[in-house]
Amino acid sequence: MAQGLQIAHNDQVVLSLDGVSVPAQVKVDSLTPAPIEPVSVTIDELLDGKHQSEYVSITGTQFKTAGTFSGENILTDCNSEIEVYTRSAATFSGETMPTGNGTFKGIASVYNTAQLLMRDPTELDMTGDICGVPSIIYLSQNFTGLTSDKQVNTIPGWYTFSQEGTVPWKGWTLSSNNFARIKYGLIKSGEEGIRKNLDLLETNSKLNHKAFGKFD
Numbered sequence: 056m057a058q059g060l061q062i063a064h065n066d067q068v069v070l071s072l073d074g075v076s077v078p079a080q081v082k083v084d085s086l087t088p089a090p091i092e093p094v095s096v097t098i099d100e101l102l103d104g105k106h107q108s109e110y111v112s113i114t115g116t117q118f119k120t121a122g123t124f125s126g127e128n129i130l131t132d133c134n135s136e137i138e139v140y141t142r143s144a145a146t147f148s149g150e151t152m153p154t155g156n157g158t159f160k161g162i163a164s165v166y167n168t169a170q171l172l173m174r175d176p177t178e179l180d181m182t183g184d185i186c187g188v189p190s191i192i193y194l195s196q197n198f199t200g201l202t203s204d205k206q207v208n209t210i211p212g213w214y215t216f217s218q219e220g221t222v223p224w225k226g227w228t229l230s231s232n233n234f235a236r237i238k239y240g241l242i243k244s245g246e247e248g249i250r251k252n253l254d255l256l257e258t259n260s261k262l263n264h265k266a267f268g269k270f271d
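Each residue of the sequence shown is one higher than the last, beginning at 56 in our numbering.
I should point out that these hints are in silico values taken from the structure, not numbers from a laboratory.
Values in this document were obtained by computation on a predicted structure and should not be read as measured data.
It is possible that part of the hints are untrue.
Only pairs whose alpha carbons sit at most 27 Å apart, straight line, appear in this in silico DSS-like list of lysine-lysine [as the list claims (entries may be wrong)]: (1) Lys-119 - Lys-160; (2) Lys-160 - Lys-105; (3) Lys-119 - Lys-105; (4) Lys-225 - Lys-205.
Hey, can you work out the whole structure from these sequences and the hints?
Here it is as structure tokens:
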């Protein structure tokens, strides 16, 4: 027991010890201790407030978006999500996050909501195939060879026809990115035209269509 020790707790921050100097109460038993093994957990367990301040390991996870470790990033198992926070002052904050699926290791923490803190990016093993991607890809096209105002049917294997109207799909380049689009110009001076872009690399891109035959 330590005289004057206070335990501070609320739902928005991690449990803390106040009122005493923690280092002054610690006894060093060994300068070469055995490596600490993480506790195997799930994201849902962390969201429920379990394993606070413990060194944890979560399998089958991936970062939701690409980028560097700095700031707030989302870790997902394709069912649940949790925030991973890295201070900009961290030596590895500017390093690129892994883009694969695998095992994340870090410290379970809380700041307003449950979050994870990394110890070292070398502890991450996230090089596997990501989840949330269909096992069979029926259509893949980045339109790199389709220049502006060139019809889509100039791409081998692609055809365009108008079920209604006469406006075809054509290529377009913007900020060095190529995509296909349908554009109908100004109807009257000052009115908005009709424009629909198609970028198959865009995660949230939607294309409504009618199927004339089966895929399989």
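Hint check:
For the hint linking Lys-119 to Lys-160, the alpha-carbon distance of about 16 Å falls within 27 Å, and the restraint holds. Taking the CA atoms of Lys-160 and Lys-105, the gap is near 16 Å; set against the 27 Å cutoff, the hint holds. Of the pairs offered as hints, the one joining Lys-119 and Lys-105 holds, with about 23 Å between alpha carbons and a cut-off of 27 Å not exceeded. Between the alpha carbons of Lys-225 and Lys-205 the distance comes to roughly 5 Å, so the proposed pair stays at or under 27 Å and holds.
Against the hints set out earlier in the document, no violation occurs for any number.
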